[in-house]
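Q: Using the sequences provided together with the hints, build the complete structure.
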Amino acid sequence: MPTDRELALKSLRYRRSVLRWIKHAGAGHTGGSLSCVDILNVLYNRILRVSPATAADPGRDRYIQSKGHSVEALFVVLADRGFFPESDLETLCAYRSPYVGHPTRHVAGVEQNTGALGHGLPIAVGTALAAKLDGADFRAFTLLGDGELAEGSNWEGALAGAHYKLDNLTAVIDCNTLQITGRTRDVMNHEPLAEKWAAFGWAVRTVDGHDLAALTAALERPLEAGKPSCIIARTTKGKGVSFMEDVGKWHHGVPNDAEYAQAIGELDAALAALTGGAA
Amino acid sequence: MSAPAPSMYSPAAKAVAERLGLQMGRANLEAFADTLLELARADRNVLAVTSDSRGSGKLGPFGQALPGQIVEVGIAEQALVGIAAGLGSCGKNVFAVSPACFLTARSLEQIKNDICYSDHPVTLVGISAGVSYGALGTTHHSLHDFAVLRAINNVTVVAPADNFETREAVRAAAASDRPVYLRFGKAPLYTLPAGGSEPFRFGPARQLRDGDDVAFLATGETVVHALLAAAHLEATAGLRCRVLSFPTVKPLDVAAVAAAAKECHAVVTAEEHMVHGGFGEAVASVIAQAGLAVRFRLVGIPDDYTVTGSQADIFRHYGLTMEGLAATALDALKRT
Numbered sequence: 001m002p003t004d005r006e007l008a009l010k011s012l013r014y015r016r017s018v019l020r021w022i023k024h025a026g027a028g029h030t031g032g033s034l035s036c037v038d039i040l041n042v043l044y045n046r047i048l049r050v051s052p053a054t055a056a057d058p059g060r061d062r063y064i065q066s067k068g069h070s071v072e073a074l075f076v077v078l079a080d081r082g083f084f085p086e087s088d089l090e091t092l093c094a095y096r097s098p099y100v101g102h103p104t105r106h107v108a109g110v111e112q113n114t115g116a117l118g119h120g121l122p123i124a125v126g127t128a129l130a131a132k133l134d135g136a137d138f139r140a141f142t143l144l145g146d147g148e149l150a151e152g153s154n155w156e157g158a159l160a161g162a163h164y165k166l167d168n169l170t171a172v173i174d175c176n177t178l179q180i181t182g183r184t185r186d187v188m189n190h191e192p193l194a195e196k197w198a199a200f201g202w203a204v205r206t207v208d209g210h211d212l213a214a215l216t217a218a219l220e221r222p223l224e225a226g227k228p229s230c231i232i233a234r235t236t237k238g239k240g241v242s243f244m245e246d247v248g249k250w251h252h253g254v255p256n257d258a259e260y261a262q263a264i265g266e267l268d269a270a271l272a273a274l275t276g277g278a279a
Numbered sequence: 001m002s003a004p005a006p007s008m009y010s011p012a013a014k015a016v017a018e019r020l021g022l023q024m025g026r027a028n029l030e031a032f033a034d035t036l037l038e039l040a041r042a043d044r045n046v047l048a049v050t051s052d053s054r055g056s057g058k059l060g061p062f063g064q065a066l067p068g069q070i071v072e073v074g075i076a077e078q079a080l081v082g083i084a085a086g087l088g089s090c091g092k093n094v095f096a097v098s099p100a101c102f103l104t105a106r107s108l109e110q111i112k113n114d115i116c117y118s119d120h121p122v123t124l125v126g127i128s129a130g131v132s133y134g135a136l137g138t139t140h141h142s143l144h145d146f147a148v149l150r151a152i153n154n155v156t157v158v159a160p161a162d163n164f165e166t167r168e169a170v171r172a173a174a175a176s177d178r179p180v181y182l183r184f185g186k187a188p189l190y191t192l193p194a195g196g197s198e199p200f201r202f203g204p205a206r207q208l209r210d211g212d213d214v215a216f217l218a219t220g221e222t223v224v225h226a227l228l229a230a231a232h233l234e235a236t237a238g239l240r241c242r243v244l245s246f247p248t249v250k251p252l253d254v255a256a257v258a259a260a261a262k263e264c265h266a267v268v269t270a271e272e273h274m275v276h277g278g279f280g281e282a283v284a285s286v287i288a289q290a291g292l293a294v295r296f297r298l299v300g301i302p303d304d305y306t307v308t309g310s311q312a313d314i315f316r317h318y319g320l321t322m323e324g325l326a327a328t329a330l331d332a333l334k335r336t
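Read top to bottom, the protein sequences are chains A and B. With our numbering applied, the first sequence corresponds to residues 1 to 279, in that order. With our numbering applied, the second sequence corresponds to residues 1 to 336, in that order.
Worth double-checking, as some hints may not be accurate.
As the list claims (entries may be wrong) - Below, simulated SDA-like cross-link-like pairs (lysine to any residue); rule was C-alpha separation at most 20 Å, straight line:
hint: 1; chain 1: B; residue 1: 186; chain 2: B; residue 2: 52
hint: 2; chain 1: A; residue 1: 165; chain 2: B; residue 2: 74
hint: 3; chain 1: A; residue 1: 132; chain 2: B; residue 2: 43
hint: 4; chain 1: B; residue 1: 186; chain 2: B; residue 2: 168
hint: 5; chain 1: A; residue 1: 227; chain 2: B; residue 2: 168
hint: 6; chain 1: A; residue 1: 165; chain 2: B; residue 2: 68
hint: 7; chain 1: A; residue 1: 132; chain 2: B; residue 2: 45
hint: 8; chain 1: A; residue 1: 132; chain 2: B; residue 2: 66
hint: 9; chain 1: A; residue 1: 132; chain 2: B; residue 2: 24
hint: 10; chain 1: A; residue 1: 23; chain 2: A; residue 2: 243
hint: 11; chain 1: A; residue 1: 132; chain 2: B; residue 2: 44
hint: 12; chain 1: A; residue 1: 165; chain 2: B; residue 2: 43
Hints were generated in silico from the structure; no laboratory data involved.
A: The structure is reproduced here in structure tokens:
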């Protein structure tokens with residue numbers, strides 16, 4: 001199990017890589033990838049029972065990224081976990097590359113093809129239900145965006161998850177409060193969010209989505225027997241880069257050379273601060 | 001008590017069916033439900049997933065016999081397909097059962113992405129398809145399902161014509177590790193003659209009758225009407241008509257289409273679907289690309305406000321009965 005410090009270093013390196021590959025490809029969903037890096041970090045390095053060696057094990061945990069557009073964060077974390085060499089991402093979004101702009105099962109470690117919003121939760125419900133039917137102990141996780149919650153299919157999935165008492169199911173909401181048009185509360189308000197999920201029959205916990213210890217505590221076991229878990233991760237879109245944080249235009253903004261240099265400089269400085277200059 | 005539904009077959013059509021020795025079978029929906037129960041008893045991984053549709057899917061007995069193998073999702077077709085994908089991804093052999101009108105429209109994006117693009121072994125079962133729910137109006141008609149699913153990669157599209165094709169198609173779908181769409185109506189159907197000695201598989205057309213004047217190429221519940229029309233034309237006009245049943249709409253048996261277009265004077269297609277984007281247009285595309293010149297008529301539901309009434313009323317209105325198809329064939333053969 002990596003230490004908190006090791007995880008913190010990973011988050012910084014993941015953010016650096018996310019920017020590197022988005023800059024290289026000239027495309028990507030920058031803000032949302034940066035907001036969910038810490039969640040993916042904790043999931044893949046502390047929670048999920050998955051590895052390249054057990055990728056076909058029927059008893060493995062499943063992670064389904066419903067907010068598929070934040071694929072760069074997923075690819076970077078999967079590469080770090082050894083599912084494929086990170087250098088593969090040199091082909092991100094290139095002609096005939098499997099590394100397209102949303103997750104596909106053509107990439108090692110990806111469980112489901114996503115990208116259209118509102119799909120991950122019902123799929124995760126079916127996955128968790130399969131475990132229950134077989135008496136298996138694996139868990140299913142899905143990551144939703146907060147803007148995505150306007151899709152009605154989420155609420156169909158929320159009903160079913162509670163109806164079948166799927167305590168092996170966890171939905172994490174990357175609640176960065178911004179979507180492509182602006183503030184989620186202005187585009188289509190979903191608050192009060194915790195109360196909604198609780199009313200749907202879920203066990204709910206709200207955490208700082210950049211606090212690795214708090215995320216670990218929220219995710220390491222189901223919140224309550226007999227109920228699916230909803231983790232509302234309060235996050236900052238563009239987290240880790242000062243001029244991207246909480247700025248809507250970075251939803252799918254690609255930094256120019258100067259912006260990229262500044263962003264990498266900030267992340268390198270943070271790495272240096274953590275390592276005493278040995279990053 | 002409601003009045004009995006009008007018969008799909010005129011007295012003349014019934015007489016032709018009797019002459020051909022056709023026996024009345026059950027609804028394909030019932031043959032489907034029995035076959036699925038049989039498969040599920042033998043394999044606990046076979047699941048039925050329903051959207052408040054176990055009654056209309058004739059799955060009541062399934063639910064009673066195997067309560068652990070039926071998953072109810074409520075009236076939520078998007079969740080139905082997404083949950084089916086999740087179950088299928090974990091090794092379950094899933095049959096997602098819902099009225100075709102909702103399944104292939106409300107949850108089309110889930111079909112496209114969660115099942116077909118993600119490539120999970122899920123069988124989508126569109127029940128009471130076409131105009132089976134004729135009198136309930138356009139909301140309940142599925143006249144678009146061939147068109148939308150033909151335009152989606154990685155799904156086999158199947159419309160069985162009788163109880164035999166249904167049983168075989170359900171077994172083939174259960175054995176398939178790829179997505180399949182099966183489409184069933186709820187009216188009892190005549191059992192068609194055996195189409196050759198080849199075992200059933202997805203793809204090949206089944207030749208029910210040979211001839212070279214007119215070729216009737218039909219799919220689903222219109223096939224029997226094409227067969228009756230062929231026999232009727234032979235008796236009344238001395239025409240020898242070929243009849244091909246295409247249980248598989250996609251991938252299409254291109255060789256059977258091309259042979260019919262080469263060897264016969266006219267081709268008439270029939271389907272319980274809108275004329276746009278369906279079976280007939282698929283056949284026309286094969287004929288055109290093969291450079292074959294043949295008289296051609298496409299019979300289906302036109303791009304118009306669909307009349308309502310029983311399935312029988314609607315078939316009669318749009319010429320999908322023995323009489324209608326025979327008249328179309330004669331028209332196609334006319335010198336202009």
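Q: Each of the hints needs a verdict: does it hold here or not?
A: Hint check results:
no., hint, in the structure
1, B:186 <-> B:52, "17 Å, holds"
2, A:165 <-> B:74, "15 Å, holds"
3, A:132 <-> B:43, "17 Å, holds"
4, B:186 <-> B:168, "17 Å, holds"
5, A:227 <-> B:168, "41 Å, violated"
6, A:165 <-> B:68, "15 Å, holds"
7, A:132 <-> B:45, "13 Å, holds"
8, A:132 <-> B:66, "16 Å, holds"
9, A:132 <-> B:24, "43 Å, violated"
10, A:23 <-> A:243, "16 Å, holds"
11, A:132 <-> B:44, "14 Å, holds"
12, A:165 <-> B:43, "25 Å, violated"
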